[in-house]
Amino acid sequence: MINTVSSIITKTIPAGGKWSARIQRGKEITFTALEDGANVSILLYNADDTAERYNMPDTLKAQYTAFLTKGNVLMTDQGRVLASIVEDMVGWHDAISGYSTRLMIDEKYGKTTYQENRNEWYRSGEENLMVELFRNGLTTSDLSPVINIFSKVFCDEAGNMNFVEGHTKKGETVTLRTEMDVLLVLSNTPNPLDTRHTYQSTPIEVKIKDAEPVKENDICLNHRDENRRAFENTWEYVMLTKGGIQ
Amino acid sequence: MSVLNYVESERKLEEAIYNKKLLSGEGWLHTLEPGEVLRIVDVEGNQAADTLFYDADHPSDHYSAINTIGRQRNIYLSTGSVLLTESGKELVKIVADTCGRHDTLGGACSAQSNTVRYSHDTLPMHNCRDTFMLQMAKFDNRTTKRDLAPNVNFFMNVPVTPTGGLRFDDGVSAPGYYVEMQAINATTVVISNCPQLNNPCNAYNPTPIQLIIWDK
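Protein sequences appear in the order of chains H and W.
Residues 1 to 246 in our numbering are what the first sequence spells out, letter by letter.
Residues 1001 to 1216 in our numbering are what the second sequence spells out, letter by letter.
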């Protein structure tokens, strides 16, 4: 026996860090803020067919929401569920502000270079995501609206977008459950609408373990009729491609 | 930037270089040269014109709803709004608008999202994403489904509330309302004149739009 791999995988993503992984259906992915004021930009794709991916408009309009929390599911452009939000201590994750760009980071916080700052230079969501997408055979045309885990941006009646400082506290968590085999791509970089004047990025932890099977009283399955129909689409796909839903 | 920046156009129909009626359920793909102006007219009112934009010189660089609304810090488009690509390039600027409510978050209808939103038996119904895919399939073998990004819905009313609610309301548009945009860089525009029959946004009655282009 040379199996030294734990069934629970834990990764600490440093400030400004990035990561990607293919993760099987039926896993729980728990994100933990290791300091106050975290923001992690994530994208999700169908691991077997990356042309199918998290679709912001389809996810929001089906659930009549402009943000994401427990009970919500992350839908693909094919009307299926990539992942469900099964636990959430935070209550609001931002779906409409996107990732920080290189230009934005330089303009807002001052230009840094690797030459000068070594690994303390200010990373951008744009470049982190481009690298992780490219690593997985994808290109910049596969960039689309991200979910900013741990951030709150709300709109006033006139549509103005407002970032809420200090939304997430150290130790708070949110847990996704994968409903399909997914490619997860993440960048641990500031929210583009962050109102603080210095580059704010804090380490986060990602913990992955087996999830309990979805039960009939599941909060995400029952959140809305729309969610149930998206689960039904997903189960049909899993039946056709994986031979069963367990 | 606020909800409605009401600006009428002084451009005259007789000076237009292009004028086409696009029936509901039909698609349109056209490249605007820098300086050219496209007007979209909601002929009968409460119609949704689902519209995608691409950098004509680099079609892999698609319109980015998020870059666009993030830069202006507002989710609605009106006169003065500049539509950006994923890389941040400026594509078109809205130069006239008599409607004042254009959605950036609702995306296009598709057969699959219809099954989620309404019922499984809506799968065969005509939808915007099929129109987009047909236009792109006929246009250029360099683009694929991966190039489909969240689109603009001109004339569509999708209010977002401070508590994070999002819904599809009756349109605020009316017969003859229009929006006009000028190309800053060469821009390929793809429109699906929405065929949706299950949503109150168009009063369950899809109608034609008029597409008019001036050279400046």
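Just so you know, these hints were derived from the structure itself, not from any lab.
Among the clues, some could well be false.
Part of the chain W face toward chain H, derived, beta carbon under 7 Å [stated by the list, open to error]:
# : residue
1 : I1075
2 : G1080
3 : G1106
4 : Q1210
5 : I1213
6 : W1214
In this text, a Cβ means the ideal position worked out from N, Cα and C, and glycines have one as well.
Hint check results:
A least Cβ separation of about 5 Å between I1075/W and chain H falls short of the 7 Å threshold, and the interface hint therefore holds. Given the 7 Å rule on beta carbons, the hint for G1080/W is violated: about 13 Å separates it from the nearest Cβ of chain H. This hint holds: G1106/W has a C-beta 5 Å from the nearest C-beta of chain H, less than the 7 Å allowed. Proximity of Q1210/W to chain H is violated relative to the hint, the smallest CB-CB distance being about 26 Å (cut-off 7 Å).
A hinted interface residue such as I1213/W counts as satisfied when its beta carbon comes closer than 7 Å to some beta carbon of chain H; here the least separation is about 27 Å, so the hint is violated. The closest approach between the C-beta of W1214/W and any C-beta of chain H is roughly 29 Å, which is over the 7 Å cut-off, so the hint fails.
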